[in-house]
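Novice: Sequence:
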Amino acid sequence: MIVQKYKDMLQGKSVIRQLSEFAAARGAQIGYENVFDYSLGNPSVPVPQQFTDTMIQMLQERNPMELHGYSQSLGIPAVRDKVAASLNKRFGMQYTGNHIFMTTGAAGAIAHAVRCVTEPGDEVLTFAPYFPEYNPYINLTGAVLKVVPANTENFQINFEAFEEMLTDKVAAVLINTPNNPSGIVYSTETIRQLAEIMTEKSGQYGHDIFLISDEPYREIVFEGVDAPYPSSFYKNTLSCYSFSKSLSLPGERIGYIAVNPDCTDAESISAMCGQISRGTGHNCPPSIIQLAVAETLELTSDLSVYETNMNILYKELTELGFECVKPGGTFYMFPRAMEEDAVAFSEKAKKYDLILVPSDSFGVKGYFRIAYCIDTEKVERSLDAFRRFVKAEY
Numbered sequence: 018m019i020v021q022k023y024k025d026m027l028q029g030k031s032v033i034r035q036l037s038e039f040a041a042a043r044g045a046q047i048g049y050e051n052v053f054d055y056s057l058g059n060p061s062v063p064v065p066q067q068f069t070d071t072m073i074q075m076l077q078e079r080n081p082m083e084l085h086g087y088s089q090s091l092g093i094p095a096v097r098d099k100v101a102a103s104l105n106k107r108f109g110m111q112y113t114g115n116h117i118f119m120t121t122g123a124a125g126a127i128a129h130a131v132r133c134v135t136e137p138g139d140e141v142l143t144f145a146p147y148f149p150e151y152n153p154y155i156n157l158t159g160a161v162l163k164v165v166p167a168n169t170e171n172f173q174i175n176f177e178a179f180e181e182m183l184t185d186k187v188a189a190v191l192i193n194t195p196n197n198p199s200g201i202v203y204s205t206e207t208i209r210q211l212a213e214i215m216t217e218k219s220g221q222y223g224h225d226i227f228l229i230s231d232e233p234y235r236e237i238v239f240e241g242v243d244a245p246y247p248s249s250f251y252k253n254t255l256s257c258y259s260f261s262k263s264l265s266l267p268g269e270r271i272g273y274i275a276v277n278p279d280c281t282d283a284e285s286i287s288a289m290c291g292q293i294s295r296g297t298g299h300n301c302p303p304s305i306i307q308l309a310v311a312e313t314l315e316l317t318s319d320l321s322v323y324e325t326n327m328n329i330l331y332k333e334l335t336e337l338g339f340e341c342v343k344p345g346g347t348f349y350m351f352p353r354a355m356e357e358d359a360v361a362f363s364e365k366a367k368k369y370d371l372i373l374v375p376s377d378s379f380g381v382k383g384y385f386r387i388a389y390c391i392d393t394e395k396v397e398r399s400l401d402a403f404r405r406f407v408k409a410e411y
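Position in the sequence shown counted from 1, then plus 17, gives you our numbering.
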């Protein structure tokens with residue numbers, strides 16, 4: 018007999034993916050250059066040339082078995098050591114390679130982190146607006162995702178609601194900063210207050226409450242924005258990272274978990290992840306990609322285009338009357354829709370070949386997400402479509 022819950026999930030396909038598919042189909046009709054597709058967070062800048070050169074050099078000069086053979090289940094030791102050293106240099110931490118577990122992107126990191134620190138029935142809190150895929154990431158482990166209502170004033174944490182929901186059933190708190198979909202970066206004040214509350218409640222309840230920090234946009238922070246490293250503030254933190262955005266490598270599926278060295282059972286968690294892999298079929302990411310990112314840890318793609326695109330859109334949309342908290346990073350913007358029904362708003366936008374994602378699946382009503390990881394030239398051409406849309410419909 019097939020498993021019904023997965024069959025049922027077919028009726029709840031990702032809205033983001035559906036809109037991306039619509040944009041592709043529309044592009045086949047009128048030319049994709051004429052579709053202003055703001056649906057999918059797919060990096061639009063090329064990988065650094067040094068990454069490409071490193072790949073070519075390795076393929077030409079290194080032992081094929083080293084490049085294409087199985088790596089150790091926790092990742093290649095030399096790669097883990099380099100990741101630890103880089104984090105220590107940047108954030109003043111004390112990681113060793115034993116605190117690093119290599120994963121298939123941030124999604125793979127979260128999948129392992131949740132299984133390390135929750136039992137079936139435990140609750141995991143996250144904060145709206147949040148990435149919709151957190152629902153299967155968490156709920157399919159047997160834990161239960163609970164969503165703290167949004168602070169729509171500035172999209173920092175709604176601490177009053179958080180403290181009400183932080184019961185003794187909560188085993189972990191999942192944050193995403195810089196945030197998808199809002200583009201907001203949690204401030205030092207926010208992270209410090211979060212850490213203080215979690216420390217207090219852990220003592221009150223007599224059990225650890227872990228912080229799972231989802232950080233794929235860590236490097237995309239705009240000028241002058243306060244962007245603390247959460248693990249520096251709370252010892253029981255598992256940092257989940259991906260090179261998808263920093264190096265524009267989403268298709269390579271490469272990331273890691275970094276276990277705070279002061280964390281409970283810190284020396285065991287990476288090894289535990291290896292055991293979790295035995296049951297999930299993860300079995301480590303490709304050896305060649307691990308080796309390539311290890312040689313380019315201090316690099317990023319040219320991420321400046323995202324701040325350029327943000328400034329263009331923020332100026333135009335606010336002048337058109339949209340309310341929007343200005344993003345501090347990522348390549349997302351989360352304006353308030355011009356009517357309460359964000360789905361209806363986004364459907365109307367399609368008539369102008371604007372593909373905008375309604376906010377309902379992000380845990381907030383009445384907003385929409387713009388993924389502005391597209392060419393700046395296309396962003397500028399989309400402004401006329403926004404003007405026509407607003408004038409005709411609102």
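Incorrect hints may appear among the rest.
Okay, derived cross-link-like pairs now, EDC-like style, lysine to aspartate or glutamate, Cα gap no bigger than 16 Å in a straight line [said to hold, decoys possible]:
1. K395 with E324
2. K30 with E50
3. K163 with E180
4. K30 with D377
5. K382 with E340
6. K408 with D370
7. K343 with E170
8. K186 with E236
9. K367 with D98
10. K395 with E333
11. K367 with E340
It should be emphasised that the hints constitute simulated quantities derived from the structure, not laboratory data.
Novice: None of the hints should be skipped; say for each whether it holds.
Specialist: Verification of the hints:
1. Of the pairs offered as hints, the one joining K395 and E324 holds, with about 15 Å between alpha carbons and a cut-off of 16 Å not exceeded.
2. Proximity of K30 to E50 is assessed by CA-CA distance (about 26 Å); at most 16 Å being required, the pair is judged violated.
3. A hinted pair counts as satisfied when its Cα atoms are at most 16 Å apart, and K163 with E180 qualifies at roughly 13 Å.
4. Restraint check for K30 and D377: the C-alpha separation of about 14 Å stays at or below 16 Å, so the hint holds.
5. At roughly 14 Å between alpha-carbon atoms, K382 and E340 fall within 16 Å of each other, so this suggested pair holds.
6. Only pairs whose Cα atoms come within 16 Å are accepted, and K408 paired with D370 is accepted, the gap being roughly 15 Å.
7. The hinted pair formed by K343 and E170 meets the criterion: a straight-line CA distance of about 11 Å does not exceed 16 Å.
8. Between K186 and E236 the alpha-carbon distance is near 33 Å, which puts this suggested pair outside the 16 Å criterion.
9. Between K367 and D98 the alpha-carbon distance is near 48 Å, which puts this suggested pair outside the 16 Å criterion.
10. A threshold of 16 Å between alpha carbons decides the hint, and for K395 with E333 the separation of about 14 Å falls inside it, so the pair holds.
11. As the CA atoms of K367 and E340 are separated by approximately 20 Å, the hinted pair breaks the 16 Å bound.
The earlier numbered hints that this structure contradicts are 2, 8, 9 and 11.
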